[in-house]
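Engineer: Line order of the protein sequences matches chains A and B. Taking the UniProt record's numbering, the leading residue of the first sequence gets 1, the next gets one more, and so forth. Taking the UniProt record's numbering, the leading residue of the second sequence gets 1, the next gets one more, and so forth.
Each hint should be verified, as a subset may be incorrect.
A pair holds if it fits inside one copy or across any two, identical chains being indistinguishable in the list.
When the alpha-carbon atoms are kept at most 25 Å apart in a straight line, the in silico SDA-like pairs for lysine to any residue are as follows [as the list claims (entries may be wrong)]:
| hint | residue 1 | residue 2 |
| --- | --- | --- |
| 1 | Lys228 | Glu251 |
| 2 | Lys214 | Glu296 |
| 3 | Lys158 | Phe25 |
| 4 | Lys184 | Tyr230 |
Derived by calculation from the structure, the hints in this document are not laboratory data.
There are 2 protein chains.
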Amino acid sequence: MTTYQLEVIENTAKKDKPAQDQIPFGQTFTDHMYIMEYQTDKGWHEPKIVPYGPISLDPAAMIFHYGQTVFEGMKAYHTEDGRVLLFRPEKNFERLNLSSERLSIPPIDEDLALEHLKQLIKLEKDWVPKTPGTSLYIRPYIISTDANLAVGPSSTYKYMVILSPVGSYFPGGLQPVVIHVEDKFTRAVKGGTGMAKTAGNYSSGYQAQANAKKEGNADVLWLDGVEKRYIEEVGSMNIFFKIDGEVFTPELNGSILKGITRMSIIELLNSWGIPVTEKRMAIDELYEAYQAGKVEEVFGTGTAAVISPVGELNWQGQKMIINNHEIGELSQKLYDTITGIQTGKVEDTLDWTVEIN
Amino acid sequence: MTTYQLEVIENTAKKDKPAQDQIPFGQTFTDHMYIMEYQTDKGWHEPKIVPYGPISLDPAAMIFHYGQTVFEGMKAYHTEDGRVLLFRPEKNFERLNLSSERLSIPPIDEDLALEHLKQLIKLEKDWVPKTPGTSLYIRPYIISTDANLAVGPSSTYKYMVILSPVGSYFPGGLQPVVIHVEDKFTRAVKGGTGMAKTAGNYSSGYQAQANAKKEGNADVLWLDGVEKRYIEEVGSMNIFFKIDGEVFTPELNGSILKGITRMSIIELLNSWGIPVTEKRMAIDELYEAYQAGKVEEVFGTGTAAVISPVGELNWQGQKMIINNHEIGELSQKLYDTITGIQTGKVEDTLDWTVEIN
Ligand SMILES: Cc1ncc(COP(=O)(O)O)c(C=O)c1O
Ligand SMILES: Cc1ncc(COP(=O)(O)O)c(C=O)c1O
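Same shape as in the complex, but just chain A:
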């Protein structure tokens, strides 16, 4: 591929950094951002690191009208010995391109994207918080920018990366959550965009999430769009079950996201000699197993929380109390190991981390 010269325009008006232990998610941004443009005849070109600031778009820009857009989410972590680590970033760029394919967006060069991300984070190194549990959240995304109301793929795009320091997801340590099993609204269906990380998949869940929150749930567990029977995933997390000593997770069926934490947990458990069965899982069968006292642990997995133990599942008026609302042993061990690897405290035997230097 062509080589791309990265231009860096440094921000001379640096912002104050927030207090590290209480940063709300996704509202504080660093001093710089990354932008690369796409044009049909030029391909991706003009990669730049510039001061963080507003972007200017034509009001007819396609992103505002037809939602042709994809994004990613990953984190950079500070180690105790002062290094900055990324966690499997190449998997995020691979998934970005998979999402782009579904949305008819031209692929980016994954190696180049990673190389430039490293340079951006190097420049923003002081923004990576150091307090335990904190990290620098990384949001790569692509938006379609043609000023054109004709429905169809854009001929111009912007690929951007913005960075946001985030506090601990569980400030007081891991905390089991209450989840509503959604049987009215649908997130995704076979043949749709469920396996892509694209904007429309998220806002389509707001109504269900608001209803669930009114009844004291933290989020919803989506069921399949066809039979409203098979377990898919939580808002921004995949889901795992320990039932009668065995670990299960819904299979990648085309309508759920291929989570990188999910993938890592399967690989980690396998490395411990614990098999994980990926299969179609019916909610009624889960309930039966629950009634038989066999559901031992349930946990969500995703970049935000890494592991989020589920203490309660509410399904059609039935309450499934999991492990007496306590953190399961396996959940805790997975959390400690993965966050340990991410922050350099546990040896990275699976070669997952990438150092910025």
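Position chain B with the ligands relative to chain A; hints supplied.
Structural biologist: Okay, now just chain B with the ligands, sitting in the frame of chain A:
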């Protein structure tokens, strides 16, 4: 509701208007646009007509990440006696609010929106093209603008209206189109966002549409997401069938858009004493009726084309040639009547048009 003072900032650098008979769809915009802001504590406020031009947004603006957005599409028409007419605009604002409800966006005041739209078009009167078949396309839309990466409804929005003169959809008169019946990709499913006019519904169709175009089809006919059996709608059109002398259209099942042209055609046919049956329609049953020689006319309906006769449906390698690729009598009559009402040539007995003056 509160009254809102509309502020008008006139554009002093007016653009040249394009040649009326060959304006490509959605790429030319008028001199002004409309913007109204929303903030939780203020509600919708500060309505303004300003010179058309770029808008500036934080790169973390929610519209770029989670797709919380809705839009509408309607047209203003020039009559031969120099008036400018809107076609059932109150139905578009009603639908905009329905879409907003699904996307957890606060509703706008429909009367106010119509009143301000009229003022905008009055100011842009010279942009409404006069050549037969042309019109001024109107695009109201709402975007979520909080700079916040936390998944959830925004607390700020922009409601905007942009205007674009458009040439004739069928420059040489009505022209039957070839349509691919899509049985792999899915547009929408019960419990999803199919009934809302929201960005993500459109880009999710690009892959299917590109595949269909490669094989010579103009667009796809979507089937239901559950059984891939029941007929839903075409890209931006609802669909009607005349079978054995009777008129049918898929029922509003929650996953298709409640088209205003669809509604108008049903009302118009009823006023002519022709009943329309809205029901679940299976594609295999359509094919059976086709083989029995009973499918007389098929046409799409929407703001863009009004009536778009379908000359051929391609379904799983089977070709259904409709009415020998010719325009059906009913299709033509509906087209002539509705476009006639829209342009003041046919008496508006159903009270559908709204004059700008
Ligand atoms: C819908 C959805 N499912 C699952 C995940 C978990 O994926 P990962 O482990 O790659 O963060 C995410 C998000 O990040 C998500 O948005
Ligand atoms: C998905 C979809 N279906 C149907 C229609 C037809 O609706 P209307 O007649 O209101 O234009 C449109 C668009 O305009 C549409 O986008």
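Engineer: Now tell me, hint by hint, if it's right for this structure.
Structural biologist: Here's how the hints hold up against the structure:
1. Lys228 - Glu251: Result: close both inside a copy and across copies, 16 Å intra and 22 Å inter.
2. Lys214 - Glu296: Neither. Shortest intra-copy (27 Å) and inter-copy (52 Å) distances fail the 25 Å Cα cut-off.
3. Lys158 - Phe25: Answer is both; intra-copy 24 Å and inter-copy 23 Å each pass.
4. Lys184 - Tyr230: Both, since 13 Å and 20 Å are each at most 25 Å.
In this structure, only the earlier hint numbered 2 is contradicted, and the remaining ones agree with it.
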